[in-house]
Each structure stands twice: as C-alpha cells, then as structure tokens.
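Asks: Position chain B against the provided structure of chain A, taking the given hints into account.
Protein chains: 2
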Amino acid sequence: MQVTRTLARYVVQSKPQQIPEAARHQAVRSMLNWLACTIGGTVHEAAIAARALADKFSGPRNATVLGTDQRLDIFHAAWVNGITSHVFDFDDTHLRTVIHPSPPIAPGLLALSEYMPITGERFIEAFVLGVDVACRIGNAVCPAHYHLGWHSTSTAGVFGAAAAVGKILGLVETQMCWALGLAGTQASGLRENLSTMGKFLHPGHAARDGMTAAFLAQDNFTASERILEAPRGFGHVLSPERNFDEITAGLGERFEILINTYKPYPCGVVLHPAIEGCIQLIKEHGFSPDDIAGVALKVNFLVLEVTGKKRPKIAVDGKFSIYHCVAVAFVDRHVGEGQFTGDRVVDPQVVALADKVSAVADAGVAADEVHIAVRLKDGRELTKHVEHALGSLKRPLSDAHLDDKFRDLAAGILPRGQTDKLIGLCRRLPELKDVSELARAAQVA
Amino acid sequence: MQVTRTLARYVVQSKPQQIPEAARHQAVRSMLNWLACTIGGTVHEAAIAARALADKFSGPRNATVLGTDQRLDIFHAAWVNGITSHVFDFDDTHLRTVIHPSPPIAPGLLALSEYMPITGERFIEAFVLGVDVACRIGNAVCPAHYHLGWHSTSTAGVFGAAAAVGKILGLVETQMCWALGLAGTQASGLRENLSTMGKFLHPGHAARDGMTAAFLAQDNFTASERILEAPRGFGHVLSPERNFDEITAGLGERFEILINTYKPYPCGVVLHPAIEGCIQLIKEHGFSPDDIAGVALKVNFLVLEVTGKKRPKIAVDGKFSIYHCVAVAFVDRHVGEGQFTGDRVVDPQVVALADKVSAVADAGVAADEVHIAVRLKDGRELTKHVEHALGSLKRPLSDAHLDDKFRDLAAGILPRGQTDKLIGLCRRLPELKDVSELARAAQVA
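Protein sequence lines correspond, in order, to chains A and B.
Per the numbering used here, the first sequence starts with residue 3, numbered consecutively.
Per the numbering used here, the second sequence starts with residue 3, numbered consecutively.
Be careful, since some hints might not be right.
Copies of the same chain look alike in the list, so a pair counts if it fits in one copy or across any two.
As the list claims (entries may be wrong) - Lysine to aspartate or glutamate pairs mimicking DMTMM-like chemistry, simulated, CA-CA at most 25 angstroms apart: (1) Lys-312 with Glu-439; (2) Lys-58 with Asp-71; (3) Lys-379 with Asp-292; (4) Lys-358 with Asp-57; (5) Lys-312 with Glu-227; (6) Lys-386 with Asp-293; (7) Lys-311 with Glu-227; (8) Lys-315 with Asp-292; (9) Lys-315 with Glu-175; (10) Lys-58 with Asp-221; (11) Lys-396 with Asp-406; (12) Lys-315 with Asp-349.
Calculated from the structure, these hints are not laboratory results.
Isolated chain A (complex conformation) (with noise of 0.2 angstroms):
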C-alpha cells in the first residue's frame, strides 16, 4: 500500500476547481478566525519574547508580523505568526483530533504570498489541501497518538504545511512524497508542554518545519518516499495504532476543513460547554455568584484529562482548570483573555467560589456537552443541560459571530476602520488577484 505516495500523488494533481464551494467557504471563515487570533495575540508575552529573537536574526524582510509593525523574512514570519495565533487557544479545532489546522498550516502559505505572487483562488486550493493532509494524518493516528502524549496540532501540522507549501511551489509527485518524507522527520510536540509557552511553539515550528521541507524538496533534496506507512516511519513509530486507510479513502471526495470549528471562548474545546452553561444559568435566573453553595458538572472524560488543575496558581493555568473557568464565568457573565490573567485566577472571590466546583466523568456526556446543577444557598437547585455548545459541529459559529470576535481580537490592535476593511478582504480571499494584499492589510502602520 502506496500510503505517503497516493497522498502526494492526490495533492499535486488537485485543480482548484475540484475544491468544492463549502470547503472554500470553510477556508475563508478558517482563515478570517485565524488572522484575528494571531493578531489579538501578538500582545502575549510569548509572542514578544518569539518576535525579539526572531528580530534579531532576520533575513530579508519580505512578510508581514501579523497585527505589528514587524516585517521579516517569510520562514521568521511563518514561525512568529505560527506561535502568536496559539497563544490564546482561541485558534480553530478539528474536533475528531484536537488538531488546531490553521495555525501550523495558514503562516507559511501567507508568509510565502509576499515572497511569490499568489491568487486567492490557488492559495484557498493549498490551504484546504494542507489542511486534508493534516488532519488526514491525523484522523489516522488519532486518538491513540495524542493519548500517547504528542501534540497532533504540529505532529500532523508539519505534513498540512509541507502540502500546503509545496503545492504552491509546484512540487512535482516525486518531490511532493520527498517533502513529506522531510516534513515527518522534523514531526514533534510534547503534550507534557501543553500548559507552558511551549505549547505555542508548537505551530511555529510546524510551519516553517513544513515550508523547509517544501524548499528543500524543490532542490531535491531527497527523503523516504513511505514516511507514513514504513515500518520505521512515522505511523509506527509515533503512534501505538494507526489506520492508513483515513489517509487514502475519499481522496476529494470527504474535506476535513468542512468539519473544521471555531471558538467562542479562548481555552480548550472541551471547556466550552460548562462555561457556556454557567453564563446561561446566571444570566437567566438573576442570582449572584455569593449566593452559590455549590456547583456539580457531570462532564466528557477529557475534560478532567486536559483541565483537571484544581487551584491555578498562573495565568496559563486558568485555561487547564474546569474549576476557575466555571467559577470566573459566574463571577464576570463572560470568558475572554481577560477571564485567565495572573490577577484573576488568584482573585480570592473566583478561588472561595471554584472551591465549591465538582466535577464527574460520565460515559453517557459528549465532548460538547455538559450537565450543570447549581446549588444556591437559600435551598433552590437550579439546572442546565448544554447538548451541544455554542461552536461545535451541530452549533457552528455564525459568519457574524466571526467577524464579532475578529473585531473583539483586534480592538486596541488595529483601527477599527482597518479591521472592517481586512475582515471585507479576508471575505473575498477566493477573488484576490494577489493574497499579499491580505497580509499587509494586517499590518500596523
């Protein structure tokens, strides 16, 4: 079985016309999520410390730094845009993995639209590809990789990347199997980072991984033309279990883009029920948060997994902590960036009220559901069931409610007025004569 050369084979003989309507549409929201979180994210202190080092070492500066005044060569740009649209968890999500898609996979192709011209038509085609292969790979070796402990959002990510880049390069088959073969030997990420800046590093590194393998490959420099399928390759060696048939079947016919989510909160997924529900709860019954004696959450597995962190005591813990989120989206009706900074996960009125949270695994609750029973001191009990949150699959976010948040993440950022004029860009992409014209109009001036 021809796994790593079918694939290739598939992404170079793709036409943009095979690109169906819907997954294009599903770029464009991908893309428009991806750039307000990259630029909302730029005033992270990772984000800082990645564009100082990357400022220093700099070659020629033809790509934008998202949401700065920074311009550098496109593999620092690819790296700094990768790390800064991380940094809030806000990113997007392929449930069926965890995998972020974009935020390995949307810099390099960006980065390289300022290096070489590309039409927003090609551009879309590489994008939904590199997000195919990715989660493709992903879908493969999930969930028995991530449990393992990789971070399939830049082990996978580094393939959606390689394709992404390649693509545009005009990689031929041979070339396009070499520069995967390159991309899965630079494939890592530890979950063991998942609560450090670490985590952010991840996708920068994907990305511009990805785009050197896709340079590279274009010189010819060889790999393994059976990366993913070879005894020693990276589907035996990175994962317990594995099921090359994802990768091959329905080749342009299923687009995992089409089954792509975006937040509404910036913390994991698996959150987003319990918070959702509390502000419901609060808003609709009127009570105040000193008069709950205690809140009980029957919740997903994963949601004691990833977010289990029962006192906090950082910023960058709150988002792993089921217990601050529940609490702080009672005491503030509302979960932003400012809901996890160092100040508010140690606010002694958010720990007195997380203290009384509990939460219980059950079989029978989806990853997208929750049932909350909250306990008010004068006797009431009142309940909520979420069945499916605000931004999984049954309940996407609203075209609106994205430009919403583009325009929440970018105040402060970006004049008002240049926001609304790139949300308007980022909505035509598929029309763009030239994509660069995107990524400048990121730029601060």
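Replies: Just chain B now, kept in the frame of chain A:
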C-alpha cells in the same frame, strides 16, 4: 525523581576546571574530526542545497560556513554546518547509543562564538557538557528508542545543543530546565530516512532547534521543567523503555565524551571491521579481486539490520550495503568517499564481486568484530579475524591519524597551509582567547 532539574542544575553549576584533562583532549579530537568532516562535506549535493536555501533567507551574516566563502546568520550557519558535517557518515560515534555527538552540538557553539566572545576554556566545557547531556539521554532510552525508529543523533542531540548553547548564554537553573523542555518538544528524526538525504537534515535541525530553545529560555519563554521524566515527556513518549538513572548517576564523575570514537572509513561503524579485514587480506596475500570465488562473513546482527542492502542502485545506498563495501574494499584496496559514488556502486566488477559475498549474523560477534573467509578460485581459503576494528574504543584512531584524515578531507577545498594552520589552532582550542578565530580560519578566502 527530578531528572530534568538534576541534569539542568549540573550543567548550570559546572565549572571549567571540573572538566578532566582527558575529557578536554577528547573534546579537541572530536572538534578536529567534526571540522574535517564539515569541510570535506561541502562538496556533497545535500550540503550545496542546504547552503543555497540558507543563503536566500539568511539574517546578519555573523557566522562562517566552514570550508566555503559563505557567511550566514548563526542559526542558518548552525543548520548548514550541522547538515554538512553528517553527509559523509564520517563523523564521530558514541558507540553505546550510535549517537553522532558533534554534528548536533558543535555547530551552534561555533556559530555562537562569532556572535559573542567565547574563550577556548568555556567552549570546551560547554561542548563536553553538551555531549554528556545528549549521550546520557541516549543511554537512558537506547537501544529501545533507536530500535523503535528514532535517529538518536538528532532526538538526543537537540538536548545537547540546547544545554551547550544555554551554558554559554549563562542560563540559570530554571531557564536551563525550560531550554531542555523546549528542546525535547522539538526532538525529531526518523530512521526511515537513514538512506536518504533526510538523514543529513537531522543534526542540522537539532543544532538549530537546540540553539533556538536556549535563546528562548534566556528570554523566559517557559516550558515543562520535567520534559525527560514526565508521563507525557520524552522518556515515555519516544521510547518503550527508559532508565533515568543513566541521566543522573555519576554527573561530573563519568564523562560520555571519553567513549567517543572516530571513523577511519566514511560509512556506518558496523561496516568497519569487514572493510579493514578485507583490505588487510588482499594486501597480505596479494591476490586479485578476480581470483575470488566467494566471501563468507560472520558479523554482528546490526550489520544486516542496518546495512543489509543487497544491490545498491544509487550512491547513498552504498553506505548501507555490507556487500558493496566488501567488494569495493577488495577492488580498490581503500575505502573513502570515492568508493560510494553513483558510478562505483554500479561498477560491473564491484557488483559481480558483491554478488559473491554472503553474511550471517552471529550472536557471538561484537559490533567491532568480524570473521572473514575468502575462497579463491584456485581452491585456497584465506581467513581473517578482526577482533576490534580500527576506530573502535579498543583501537582508537591516533592523533596523527586524525590529522591525516583532516588533511584528506580538506584537500582541494582549503590550501594545505591553511589546513595545517587550522589543525594547529584546533589542537590549541582549550587555550584560545576567542574561539571565533577557529571558525574564521576555516573560511575559504
């Protein structure tokens, strides 16, 4: 058990005078061998492709690309020199783990010396510590890690690069933990690429990514402080077996660089006993290659596992074929890079003789050992037992042999006078006031 922190603390607290004289001498030998391989490797097409890509995107050109007139920013220089030093498979080998220690660790340090002043004493210390970090981590997970399919040169090497560069940058203990955390989350390199140019990329990306990890940590870019031992850290995710005592026991007492070795032939060490024995046999007995009716080898199991390719078709495959190596050793009575060209691997006389070679693995044969039986057409049978191959721990290459190897590799690239000056400088490395002198001395005028 605090594995990562214990290792980080040792590296941070170590003082130059705590490095024993024998380790310093071995560091000089490693650097000499590494410089030679890097200068010689510049003619390889993989090195040329890497230089071309790096040249397009380089930042401030502070650093020397050894054996060329090119200068690159320190990250690109580390990447290019790391790739180039590995292209001939002539680099050093830590036999216990088959890690090639210098290619991932030396390039970043040497490039750094052209960015900030480093004395020879501090350079040697950082290099010895980097080798210790990489090889101890290798010891902890090999051979299981290697057998699974990981190329330990890069997966363990990236930690060594981070530790060495971090030592020079003056990281404090927790920053050094982060540097290791950021290194581990970039650890990659699949053995599936071993017979392709993809292999050569491995020490390049380890050198660059390790340096990136150290620079980010210096700017307080956080990461896991338990990347080695955590349940979803390096030791558990990248290896089915691990023994963390190998990392922490005898720090400052046992130095892995003392068991570093250097190759007399530019191919995997497992091939060396057979090559040496065949050259000795034909020189001692004066027969012609055409006189040979058959050759029977009893070899270590790794020979067939790693170099069992029966009929190499392209240049790079020659280094993964015990059959080609034996045949070409008899025909040419010498094995250098010239015995692994595209022409040589398909030469009719060599191919015909290779077809007469058989090899069986024998559990009683060590990795540096071989039994050779040559049957001549006149009926004579000649035998040779190489108990410990030249270049093995028991029969290390002499300093003079290393100097000769250097001159051979640099011939045609650097003028002889410059080569001799460079060898002299390297031999005085521990006393140099500023190691950048060594880098500049390896530049083509």
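Asks: Next, verify each hint and record whether it holds.
Replies: Do the hints match the structure? See the list:
For the identical chains of this complex, Lys-312 and Glu-439 are neighbours neither inside a copy (46 angstroms) nor across copies (55 angstroms), given an alpha-carbon limit of 25 angstroms. Taking the shortest alpha-carbon separations for Lys-58 and Asp-71, both the intra-copy value of 15 angstroms and the inter-copy value of 23 angstroms come in at or below 25 angstroms. With identical chains, the CA atoms of Lys-379 and Asp-292 are at most 25 angstroms apart within one copy only, with a shortest distance of 9 angstroms there and 98 angstroms across copies. Within a single copy, Lys-358 and Asp-57 get their C-alpha atoms no closer than 46 angstroms, and across copies no closer than 59 angstroms, so neither meets the 25 angstroms cut-off.
In the homo-oligomer, the alpha carbons of Lys-312 and Glu-227 lie at most 25 angstroms apart only across protomers (20 angstroms), although the nearest pairing inside one protomer, at 46 angstroms, exceeds that limit. Taking the shortest Cα distances, Lys-386 and Asp-293 sit within 25 angstroms of each other inside one copy (17 angstroms), while across copies they are farther apart (89 angstroms). When the C-alpha separation of Lys-311 and Glu-227 is checked against a cutoff of 25 angstroms, the pair qualifies only between copies, where the shortest distance is 17 angstroms, while the shortest distance within a copy is 43 angstroms. Only within a single protomer do Lys-315 and Asp-292 lie at most 25 angstroms apart by alpha-carbon distance; the minimum there is 22 angstroms, versus 77 angstroms between protomers.
Proximity of Lys-315 and Glu-175 under a CA criterion of 25 angstroms is satisfied inter-copy only: 21 angstroms between copies versus 51 angstroms inside one chain copy. Proximity of Lys-58 to Asp-221 under the C-alpha cut-off of 25 angstroms is restricted to the inter-copy arrangement: shortest distance 13 angstroms between copies versus 27 angstroms within a copy. Taking the closest pair of Cα atoms, Lys-396 and Asp-406 come within 25 angstroms of each other only inside a single copy of the chain (20 angstroms); across copies the shortest separation is 71 angstroms, beyond that limit. In this assembly of identical chains, the alpha carbons of Lys-315 and Asp-349 lie at most 25 angstroms apart only when taken from the same copy (10 angstroms versus 68 angstroms across copies).
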